[in-house]
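Asks: Below are the chains, spelled out letter by letter.
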Amino acid sequence: MTKAFFFDNSRCTGCRTCQLACKDYHDLSIDQTYRKVYDMESGACSMDERGVVTHTCKLYHVAIGCNHCEDPACTKVCPTGAMEKDPETGLVSVDGDKCLGCGYCVMACPYGAPTLDKTVGHTIKCDGCKNRVAEGKKPICVEACPLRALDFGEVEEMKARGESHDIDPLPSSSYTKPSLYIRMSPDAKSSQAADSRIANPLEVF
Amino acid sequence: MEALASHLPLILFTALCAIGAGAFLPMALRASVGGASPAKPGYGKLAWVPVAVLAIGFVAVFFHVTVPLNAPLALGGIGRSPLSNEVAVGGAFLALCLLYAVLTTAGKLSANANKAFLWVLAASAVVFGLFMGLAYNIATIPAWSSSAASVAMVALTLLGGCALGWLIVGLAGKSETTPKSVGYILLAVAVVSLVAAAIASGAESGIVAALPSFVHDTAAIAAEANGFIAGFTLCGILGVVCLAASIVKPSASRIASILSLAFVTAAIVLARCAFYLMEVGVAF
Amino acid sequence: MENRSVMTRRGFTAAMAAVGSAVGIGCLSSVQGGTLKPAKAVAETAEEKVVWSQCNVNCGGRCIFRHHVKDGRIIYTETDNLGNPNEHQARACLRGRTYRHWVNSPDRLLYPMKRVGKRGSGEFERISWDEAIDTIAQQIQKTIDSYGNEAIFIHKGTGKYTAIGTDDTKTGMLPQRLFATLGGYLDYRGSYSIGAMQGYSPFMFGATYNPLDNVGASSVSEAENADLMVLFGYSAADTRMGGANGVWDMVKVRDSGTEIIQIDPRMNEQCSGFGDEWIPIRTGTDGALASAIAHELIVNDAVDLDFLHTYCVGYDEETMPESAKGKNRSYKDYIMGTGYDMVEKTPEWAEVITTIPAAQIRVLADRIAKADRLFVSQGWSVQRHSAGETNMMAICMIPILTGQLGLPGTNTGISMAAQVAQPLVGSIPQPENPVKTSIPVYQWLNAIDHGEDMTTTNAYVLGADKLKTGIKFFWSFAGNGITNQHGDINLVHDILQDESKCEFIVCHDIMMTDSCKYADIILPDAMVAESMGLSTNGYAEYYNGVTLAMPAQEAPGEARLAYDVYAEIADKFGKKEEFTEGLSHDEWIERIYNEGRANNPDMPSFEEMKTVGVYRFDLPSQIGLKDFRDDPIANPLSTPSGKIEIYSEQLAEMAETWDIAEGDAITPIPSFEPGYEGYGSVTEEYPLYCAQFHYKARTHSCYSNVPEIAAVARQQIWINPQDANPREISEGDICAVKSPHGEIRIEAHVTNRVIPGCVFIPQGAWHDADMFGDRVDHGGCYNTLLGYHPTPVAKQTNSNAVIAQVTKA
Ligand SMILES: Nc1nc2c(c(=O)[nH]1)N[C@H]1C(S)=C(S)[C@@H](COP(=O)(O)OP(=O)(O)OC[C@H]3O[C@@H](n4cnc5c(=O)[nH]c(N)nc54)[C@H](O)[C@@H]3O)O[C@H]1N2
Ligand SMILES: Nc1nc2c(c(=O)[nH]1)N[C@H]1C(S)=C(S)[C@@H](COP(=O)(O)OP(=O)(O)OC[C@H]3O[C@@H](n4cnc5c(=O)[nH]c(N)nc54)[C@H](O)[C@@H]3O)O[C@H]1N2
Ligand code: SF4
Ligand code: SF4
Ligand code: SF4
Ligand code: SF4
Ligand code: SF4
Ligand SMILES: [Mo]
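Chains as they are written, first to last, in full-length UniProt numbering: chain A, 1 to 205; chain B, 1 to 284; chain C, 1 to 809.
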């Protein structure tokens with residue numbers, strides 16, 4: 001019954017549709033987001049003295065929300081138990097009533113999934129669209145992706161479609177065992193490759 | 001620097017709790033060694049000083065959480081959440097201190113009971129210091145989850161405790177009659193703690209400097225932290241020198257020990273600043 | 001703006017709805033002054049209902065919405081979920097996903113307004129609908145009386161593609177219906193999108209040639225049968241973003257194993273994950289690359305001579321028309337350096353121009369030569385350039401030289417097929433326009449400024465030798481093309497200041513756009529979500545379908561349907577009956593739907609459609625010019641020779657007889673021309689080529705004012721580190737960009753995804769300048785920088801040709 005996400009990195013064009021569909025459905029304000037899209041670049045495009053151009057550029061995108069990890073860092077540090085992993089679906093979500101707003105989950109999550117919302121007084125984050133999932137639907141981001149680069153379902157099915165990979169800019173999957181299975185594009189770099197960089201810092205931080 | 005501002009409550013909490021808790025060590029030591037007047041087994045109202053310092057620390061921490069009313073729920077994660085563990089140990093320690101302060105000011109403690117209680121508190125202070133360090137044992141934040149973080153926190157507890165405790169001992173009028181050995185033991189503890197905290201902090205910044213990151217210039221963060229660590233070391237040295245002066249020269253003891261506390265407090269705050277600067281996760 | 005995030009919170013929306021008001025309105029009143037009529041109380045429906053609708057902006061996607069509606073407001077939007085997700089599913093893109101914020105934007109127009117300040121000042125006063133309609137009717141009458149109907153111009157507006165709005169075929173346009181009823185208007189030809197392509201490709205492929213239909217071009221899906229696909233400036237991932245659009249077809253092409261090469265000055269989003277596909281090229285130099293490829297094909301004997309001699313005119317001396325024989329005017333002469341400029345088009349020659357290493361050009365030519373099935377296509381940016389006409393055709397020479405056209409897995413080299421040939425439903429019919437004169441759409445500004453001087457040979461006026469009058473009455477419906485989307489905003493401003501030239505301007509829109517600031521009267525329209533709407537799918541995808549949109553919420557303020565407004569205007573002339581034919585807006589939709597259904601009996605009944613919303617099916621792929629290839633005798637092209645005219649006598653004659661601007665060239669064969677502010681025109685003062693692209697953050701200016709999008713798809717100028725470093729520009733710095741025509745401020749995006757020497761600006765951002773002050777545009781609108789210089793033949797947009805300097809502001 002445990003659920004997982006699949007992400008086809010070879011299809012993702014970084015369009016942000018998943019992100020804005022999520023924001024619309026969850027009614028998030030401009031500066032809140034449950035899902036982010038990282039534009040990853042590496043290599044160079046340069047012109048020599050003769051005016052001739054060569055390039056070694058690579059580009060790919062990583063769209064992630066919460067990975068509903070098998071071994072979540074967030075629940076481990078949460079003092080109140082507000083951050084909870086559903087034993088059945090494996091979806092990790094915050095119980096706003098219990099949350100202290102201590103921000104430990106925010107610090108602990110290596111994917112930047114939870115954020116502290118001072119106006120509502122607790123941490124907020126991707127809940128895996130648990131209400132939709134309970135109704136047998138897929139999360140809204142998954143159904144939104146025009147490229148069908150996202151999927152969600154039984155962990156075994158998702159595993160069959162992509163290996164759980166370490167892809168830049170995500171940290172090694174060994175920390176939390178994310179329930180995220182990725183099909184890598186030819187240009188994807190594995191975690192912490194020396195020359196890959198987040199090209200859209202102002203859009204994700 | 002923004003990070004520091006947002007962590008201010010935690011800086012105050014850890015610094016004040018370290019100083020307050022650690023103070024019981026000199027108090028216990030003085031109570032156990034040399035001829036204190038048997039008629040005055042305790043420290044009287046002065047016993048409330050470390051309790052007050054602790055209490056201010058605990059008040060400060062409430063400014064860190066968004067929903068203080070949910071604070072009791074923080075005990076829900078005992079065993080799982082290092083933060084819950086810290087809260088539990090801290091809470092228990094505070095309760096114990098209160099109990100001691102109430103009993104001793106009420107004169108309900110015999111000299112031996114007083115001594116024993118103080119040693120229990122001194123030992124608990126070290127445990128509390130340890131749990132304050134362990135609270136940051138978040139596997140995804142390497143500098144924090146390293147054992148250096150706990151070593152540093154225990155060392156700060158002892159260092160801060162020496163400064164505050166020695167002042168209390170002096171205020172209680174007990175330093176004049178105190179055998180020099182007590183002072184020297186404390187001085188040794190302070191020096192060792194200072195060195196240990198500096199080395200441990202340096203180790204943490206080394207971890208940060210070595211972290212790969214997409215957004216953080218980890219070398220720059222480590223360098224900034226090193227600045228604070230240097231400040232810590234400098235203030236720490238001044239604090240220890242004043243402490244030594246107050247031990248060696250009883251005539252100057254009052255002023256020297258006040259100065260010592262001031263320098264040590266500044267040192268600890270700087271060390272905590274360095275620590276919070278080093279909140280660099282394995283991601284991004 | 002501060003409180004906008006609060007304004008859009010659903011809780012707030014619901015609360016506002018409960019008191020019978022509309023979100024956004026409170027905010028608007030301060031923008032526009034005056035008080036608001038409270039919106040009609042919305043029936044309290046605690047129940048959430050789902051309403052089918054559609055996105056009707058001009059990216060051609062026409063994606064499907066399922067608005068979730070509660071208490072009379074859209075609370076969130078889902079998209080097409082019908083059928084198999086691995087087939088066409090018209091999933092909305094990021095923009096559509098913010099529809100609720102767009103439709104409820106504080107920029108919405110709420111009531112008619114009249115201008116009280118100077119044109120461009122943005123000073124308006126609220127007026128009643130009666131006053132607006134009276135004024136407009138009087139002004140129409142006055143214009144007709146003084147100048148005749150030819151003085152009336154309806155600008156192209158692309159913001160409302162629906163059966164009662166505007167359409168793809170230009171036969172069902174609502175304002176055109178009104179003015180045809182009132183005696184006619186000066187018509188426009190072509191579009192900003194593909195004006196040059198539409199106007200120029202017929203010289204090669206024939207008068208009836210349409211680069212967009214499934215006769216003249218292959219569907220992208222056909223590329224699945226190719227082994228090599230070569231794309232010049234086409235990125236479906238940027239411009240065909242919906243889930244049933246070209247981007248989805250491209251996924252399938254890649255899955256099929258077809259190798260892809262993308263020639264673009266910018267590593268576009270379609271290269272995501274596949275960087276090896278990218279060959280960077282300097283803007284405006286595709287003609288040079290294509291010519292060098294042609295050179296390699298010729299010297300390596302890789303041209304299909306049989307095909308060239310059977311199907312084409314003008315490749316070599318053998319097939320030159322009589323008029324041009326023996327003059328070394330063939331295409332081969334041009335390439336081999338024996339005719340025209342006498343320069344051999346070697347890869348070394350092209351290397352300097354295009355920046356592509358000669359060796360790489362040879363490899364590319366070799367891959368092209370070796371491909372069994374070659375699919376060549378181009379986006380529309382190449383031709384949206386001062387020299388785009390001939391450079392665009394030069395690209396077509398690749399499939400022509402190799403005979404890779406009209407066969408499975410091939411394409412004509414020009415665009416790709418869209419399903420526009422057999423729409424399932426039509427749109428409101430347009431009576432014939434009594435005025436027969438027309439101009440290329442991009443010429444409207446000239447026609448305001450000096451229409452009387454415009455002729456066929458200097459301005460491509462058709463239907464008459466020259467214009468009788470300049471444009472005096474200007475109507476803009478669902479368009480932001482007076483300033484924002486038109487070349488040289490500062491020049492437009494200057495020309496429109498003289499109110500004796502264009503006497504009256506009406507903007508009929510939904511937002512307070514920059515163009516609206518030049519209107520004498522502004523009319524507020526209701527959006528598709530606020531009414532019934534009907535449309536076939538758009539031009540960006542290859543499937544067939546129709547969506548019936550039902551109203552999801554009420555129009556704000558006094559905004560109302562354009563149809564009803566136009567009926568009232570017609571009424572002032574006693575033509576209401578003629579205009580409406582006795583039908584209401586919704587009755588027209590029903591009628592148009594049923595007419596479509598008569599031809600496609602599988603379509604559900606109109607009543608059923610109200611709840612099922614969508615009817616659609618996939619189409620088999622199409623091969624461009626297949627009939628012609630199969631049998632050129634039975635199915636000749638509509639060119640004078642019936643063949644592909646590599647050499648066009650028509651163009652040769654125009655080159656002799658037309659007045660063209662200095663620096664422009666008309667060539668009878670596809671060649672490389674630099675063009676105005678094109679290759680080689682950079683100076684010390686303006687050392688960079690500055691081009692533009694269509695950006696995910698908006699469809700032209702639509703959705704551009706949605707802050708939710710702007711936060712995650714920022715308006716930034718792309719600049720290579722090699723250009724940024726010496727200027728000490730780093731990511732996020734605000735830059736000043738200056739061209740000979742204007743100046744903007746824009747944030748820097750320092751990236752290796754753009755070729756050194758060229759900078760790129762996402763077009764469509766809202767112009768934001770004090771036009772009576774320094775005119776510096778803080779919105780970062782590309783058209784502030786663009787000089788107005790219609791292309792040599794088609795006289796259409798030159799919007800990729802700008803030289804500029806970038807500095808840290
Ligand atoms: N520099 C440069 N300029 C360009 C281009 C370029 O590539 N570079 N591209 C050109 C191209 S290809 C095109 S097609 C044109 C497009 O130019 P326009 O046709 O002007 O396109 P938009 O800016 O989308 O303007 C559509 C308008 O319709 C309004 N609208 C939306 N919905 C409704 C509605 O329901 N009713 C009414 N009445 N109005 C509505 C919107 O508010 C908006 O003002 O721009 C051209 N301009
Ligand atoms: N997101 C989004 N999609 C849109 C629109 C929009 O505004 N936003 N507008 C829609 C409309 S109306 C139209 S007309 C189409 C326009 O579609 P296009 O005209 O195809 O779009 P552009 O982005 O102008 O250009 C496509 C690509 O050509 C590249 N390019 C620019 N100059 C050159 C050149 O000189 N040579 C080569 N080889 N490549 C070059 C650009 O970098 C870009 O990646 O898009 C439609 N789709
Ligand atoms: S919607 Fe799909 S393609 Fe677009 S950014 Fe998200 S995952 Fe990538
Ligand atoms: S991604 Fe972060 S928030 Fe989500 S389960 Fe994993 S650790 Fe927790
Ligand atoms: S912020 Fe809330 S959810 Fe996060 S760790 Fe603290 S109590 Fe748990
Ligand atoms: S699963 Fe739901 S909450 Fe999470 S990112 Fe996707 S849409 Fe947002
Ligand atoms: S903007 Fe275009 S692609 Fe996006 S939802 Fe609208 S029609 Fe579809
Ligand atoms: Mo267009």
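Don't take each hint at face value.
Said to hold, decoys possible - Using 20 angstroms as the maximum straight-line C-alpha spacing, the simulated EDC-like pairs for lysine to aspartate or glutamate come out as follows: (1) A:K137 / A:E163; (2) A:K189 / C:E587; (3) C:K576 / C:D586; (4) C:K575 / C:E558; (5) A:K137 / C:E87; (6) A:K138 / C:E87; (7) A:K189 / C:E277; (8) C:K49 / A:D27.
Calculated directly from the structure, the hints in this document are not laboratory data.
Asks: Hint by hint, which ones does the structure fall short of?
Replies: 1, 2, 4
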